[in-house]
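Visitor: Sequences and hints are given; from them, build the entire structure.
There are 2 protein chains.
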Amino acid sequence: MKPVTLKEIADKLNISVTTVSKALKDYPDVSPKTKALVKELAATLNYTPNSFAVNLRTKESKTIGLVIPEVVHHFFSNVIKGIISEAEKVGYLVIILQSNESYELEKKQIELLMSHRVDGILISLANGTADFKHLNAVINQDKPLVMFDKIAKLVKCSKIIIDDQKAAYMATQHLIDTGCKRIAHFRGPLLPQNSIDRFLGYKKALLDNGMEYDPSLVYLNDCDENSFDDGKMNAAKLYKEHNDVDGIFINTDLVAIGAISEFNRLGVKIPDEISIVGFSNWFMSSVISPTITTIDQPGYTMGQIAFNQLYKEIKDIKNSLTITPEIIQLETALIKRESTK
Amino acid sequence: MKPVTLKEIADKLNISVTTVSKALKDYPDVSPKTKALVKELAATLNYTPNSFAVNLRTKESKTIGLVIPEVVHHFFSNVIKGIISEAEKVGYLVIILQSNESYELEKKQIELLMSHRVDGILISLANGTADFKHLNAVINQDKPLVMFDKIAKLVKCSKIIIDDQKAAYMATQHLIDTGCKRIAHFRGPLLPQNSIDRFLGYKKALLDNGMEYDPSLVYLNDCDENSFDDGKMNAAKLYKEHNDVDGIFINTDLVAIGAISEFNRLGVKIPDEISIVGFSNWFMSSVISPTITTIDQPGYTMGQIAFNQLYKEIKDIKNSLTITPEIIQLETALIKRESTK
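Heads up: the sequence lines are chains D and F, in that order.
Under my numbering, the first sequence has 169 at position 169, and the numbering climbs by one with no breaks.
Under my numbering, the second sequence has 24 at position 24, and the numbering climbs by one with no breaks.
Since the hints were made in silico from the structure, they are not lab data.
Among the hints, erroneous ones may be present.
So these bits of chain D aren't anywhere near chain F, every CB distance computed over 10 Å [to be verified]:
#, residue
1, Leu154
2, Leu266
3, Gly267
4, Glu326
Derived DSS-like pairs (lysine-lysine); straight-line CA-CA distance at most 30 Å [claimed, not checked]:
#, chain 1, residue 1, chain 2, residue 2
5, F, Lys33, D, Lys108
6, D, Lys336, D, Lys89
7, D, Lys89, F, Lys133
8, F, Lys232, D, Lys336
9, D, Lys7, D, Lys22
10, F, Lys7, F, Lys22
11, D, Lys336, F, Lys336
12, F, Lys133, D, Lys7
13, D, Lys312, F, Lys62
14, F, Lys108, D, Lys22
15, F, Lys107, D, Lys107
16, D, Lys62, F, Lys269
17, F, Lys12, D, Lys318
18, F, Lys33, F, Lys7
19, F, Lys232, D, Lys35
20, D, Lys204, D, Lys166
21, D, Lys62, F, Lys7
22, F, Lys336, F, Lys237
23, D, Lys318, F, Lys203
24, D, Lys133, F, Lys7
25, D, Lys153, D, Lys107
26, D, Lys108, F, Lys62
We put the CB at the ideal spot given by N, CA and C, even for glycine.
Guide: Listed below in structure tokens is the structure:
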């Protein structure tokens with residue numbers, strides 16, 4: 001059964017296509033009797049309005065694109081959930097693409113979304129992205145673009161972020177306050193702004209407390225991802241190289257869980273010998289043994305706010321208003337658990 | 001800057017719109033010189049083809065809809081990743097909607113996707129879905145529909161599944177083979193087919209081994225979800241009501257992790273006092289202490305195969321072929337770890 005068209009309904013009732021269209025939209029210049037006839041037949045025939053035809057007229061696709069580094073990820077999957085729940089409230093659909101932390105893929109995906117005429121784009125940057133032409137191209141075409149979590153300071157668009165530096169400072173300060181004297185940092189990949197900011201927060205907390213900053217205590221990942229295995233490997237390395245370290249600030253809970261698993265294997269007692277603070281407050285961090293002290297990063301809320309900002313800008317563009325980029329910073333909190341004293 | 005149209009390019013070069021369109025598509029009846037001029041100007045002006053206009057002609061949207069009960073879920077997020085990775089290979093975009101295990105929401109979402117003229121729909125049913133009119137309506141309009149994981153046996157469409165009954169039998173048999181004499185089952189919610197099938201596999205294994213089936217050892221969840229807290233609560237209940245139980249087959253790893261956390265708290269030794277087998281092989285089950293014996297459920301592969309089946313059917317419909325629904329069953333495996341003897 002092919003989809004029913006307005007013309008078929010019009011033919012069956014021997015009226016014009018315009019009348020059918022007006023009847024379905026409840027225009028006042030169509031009689032109640034005709035409206036009733038048209039609506040009944042439309043329902044019987046399972047008529048659904050062709051949104052492509054609608055789109056060509058209104059120039060709206062009622063869809064937005066979302067480019068995200070990784071779908072299988074506790075933080076990002078919460079962001080996705082926040083975005084699609086808000087989008088649905090206003091009848092918007094969300095197309096999701098995964099960049100796998102690759103700049104090349106991200107660039108192609110942005111082009112694909114633009115050619116599909118999405119009404120706006122939400123993006124959290126790939127760790128590999130250091131060139132922003134593909135994003136500026138979106139903005140230059142008056143297409144709303146909102147970044148969240150992993151942003152580029154140089155691109156002029158709205159951004160939904162947390163204060164990574166402040167949060168990392170808070171995490172490190174907690175290690176200092178609970179008696180740690182030599183604090184390492186697992187910083188993750190080199191490039192992304194949030195890695196940089198968390199590192200700066202860690203360093204600043206050390207210096208503000210009159211502690212030495214030792215670059216050899218900062219452990220980078222081998223690749224552009226943050227994995228359980230990165231935590232295991234860096235914990236093993238640290239254990240060999242610096243067994244005087246008594247605290248670690250780790251850039252995500254997943255990596256922290258890897259580190260804890262390795263320390264458990266090595267018989268290193270947490271927090272007696274080493275204290276650990278993670279980042280993100282993944283629910284697993286409240287379940288693992290020991291439970292992990294961490295920074296709560298509000299993924300679901302971030303997704304909701306990111307969509308609503310984009311939606312506001314889509315409406316602004318529609319009303320021929322100029323978009324004023326906004327930076328919205330969400331609050332984070334330290335969640336104290338068993339992995340620190 | 002508004003998107004550039006074919007007409008603007010044509011006007012600037014003082015040639016027809018048809019010639020511009022043909023030049024961009026490399027038609028042989030346009031001179032190489034004109035082609036070069038058109039392509040250069042199109043690139044300078046950042047021209048992107050309007051896919052809505054294209055869609056109206058070809059009647060293809062090159063998008064599919066995906067309705068999934070829950071995005072923040074280790075198994076489903078792997079399925080999503082498998083789907084979008086395959087879709088991208090053939091230039092398809094994926095719109096994701098989350099039904100929150102609600103039939104009402106799922107029904108609305110199917111209607112929304114149909115009105116957006118997606119080329120096909122992938123769905124894993126909400127636990128609340130017991131009526132299938134909304135799905136039959138899709139099929140009756142010759143729109144390809146493929147179900148995966150949580151399916152309805154009564155709907156005539158392709159299905160990508162695992163043999164839940166066989167997998168559950170394997171899990172329960174492993175408990176019996178390792179010496180368990182009284183085996184409980186945390187079955188999750190009542191309705192979904194995979195809950196039913198896992199329960200049947202558990203029961204069959206008991207009876208085939210000459211063991212008594214005792215309904216009071218089957219624990220249902222309070223609501224339609226499977227959560228960590230369900231595991232904690234049911235473990236606490238079981239501990240009070242049946243302290244002779246020495247093995248549990250639990251319907252998902254997340255619930256198993258909740259149960260283990262409660263048994264750890266109560267001082268019940270795993271596997272010495274109670275053995276546990278989970279389901280899904282979430283990577284956390286290899287990390288938690290004790291690590292969990294479980295059934296490996298291939299989410300990523302299921303997503304890939306589901307998309308490819310849908311894509312095949314989209315092409316069949318396009319070529320006016322009749323769709324023959326297929327049932328594709330993926331292999332599962334028992335992964336032995338520390339939670340069983």
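Visitor: Of the numbered hints stated previously, which ones are contradicted by the structure, given in increasing order?
Guide: 6, 11, 15, 16, 19 and 23
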